[in-house]
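Student: Turn these sequences into a full structure, and let the hints guide you.
In terms of the UniProt record's numbering, the sequence shown opens at residue 1 and continues consecutively.
Hints listed in this document are in silico derivations from the structure and should not be mistaken for laboratory results.
Any given hint could be a false lead.
As the list claims (entries may be wrong) - Ranges between beta-carbon positions, derived for each pair:
(1) T5 to Y35: 34 to 44 Å
(2) F66 to L6: 34 to 44 Å
(3) T5 to G107: 16 to 26 Å
(4) F66 to T5: 10 to 20 Å
(5) Q95 to N28: 18 to 28 Å
(6) I97 to V39: 25 to 35 Å
(7) M94 to M1: 29 to 39 Å
Every value quoted in this text rests on a predicted model; they were computed, and no experiment measured them.
Note that the Cβ used here is the ideal one computed from N, Cα and C, for glycine as well.
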Amino acid sequence: MPASTLVLLGRVLISIIFIVSGFGKVTNIGGTAGYFGSVGLPMPMITAWVVALLELIGGLAVLVGFQTRIAALLLALFCVASAVVAHFDFADQMQSIQFMKNLAMAGGLLVLAAFGPGALSVERSKT
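Tutor: Following this line, the structure appears as structure tokens:
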């Protein structure tokens with residue numbers, strides 16, 4: 001399979017979780033803000049909007065390959081921050097799994113940030 005096809009497939013697969021999650025947050029912003037407030041995040045409504053839009057817009061940018069390096073880097077930083085803030089309870093096996101999942105996604109996003117979105121993208125980079 002050509003590298004450009006693999007990069008496209010990778011972008012599609014990694015973007016899905018952010019698009020779905022961001023859309024869910026946007027369509028239930030009150031619930032999202034309530035949860036964020038319950039875990040002690042500051043300014044929960046503003047934080048909810050920032051996170052929701054980062055996930056949704058960043059996910060869409062990665063999907064189509066537009067400003068991919070920036071979107072991937074921001075999403076990678078979000079994944080690490082989310083792992084530390086929300087999934088740092090290693091006594092809970094599910095939280096440990098979520099922590100590692102976030103780090104794995106951050107790793108994939110950093111590779112995407114380093115090498116770009118590939119030829120089958122809005123940017124059409126030569127990777």
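Student: Each hint: holds or not?
Tutor: Status of each hint after checking the structure:
no. : hint                   : result
1   : T5 to Y35: 34 to 44 Å  : holds (38 Å)
2   : F66 to L6: 34 to 44 Å  : violated (19 Å)
3   : T5 to G107: 16 to 26 Å : holds (21 Å)
4   : F66 to T5: 10 to 20 Å  : holds (19 Å)
5   : Q95 to N28: 18 to 28 Å : holds (22 Å)
6   : I97 to V39: 25 to 35 Å : violated (18 Å)
7   : M94 to M1: 29 to 39 Å  : holds (34 Å)
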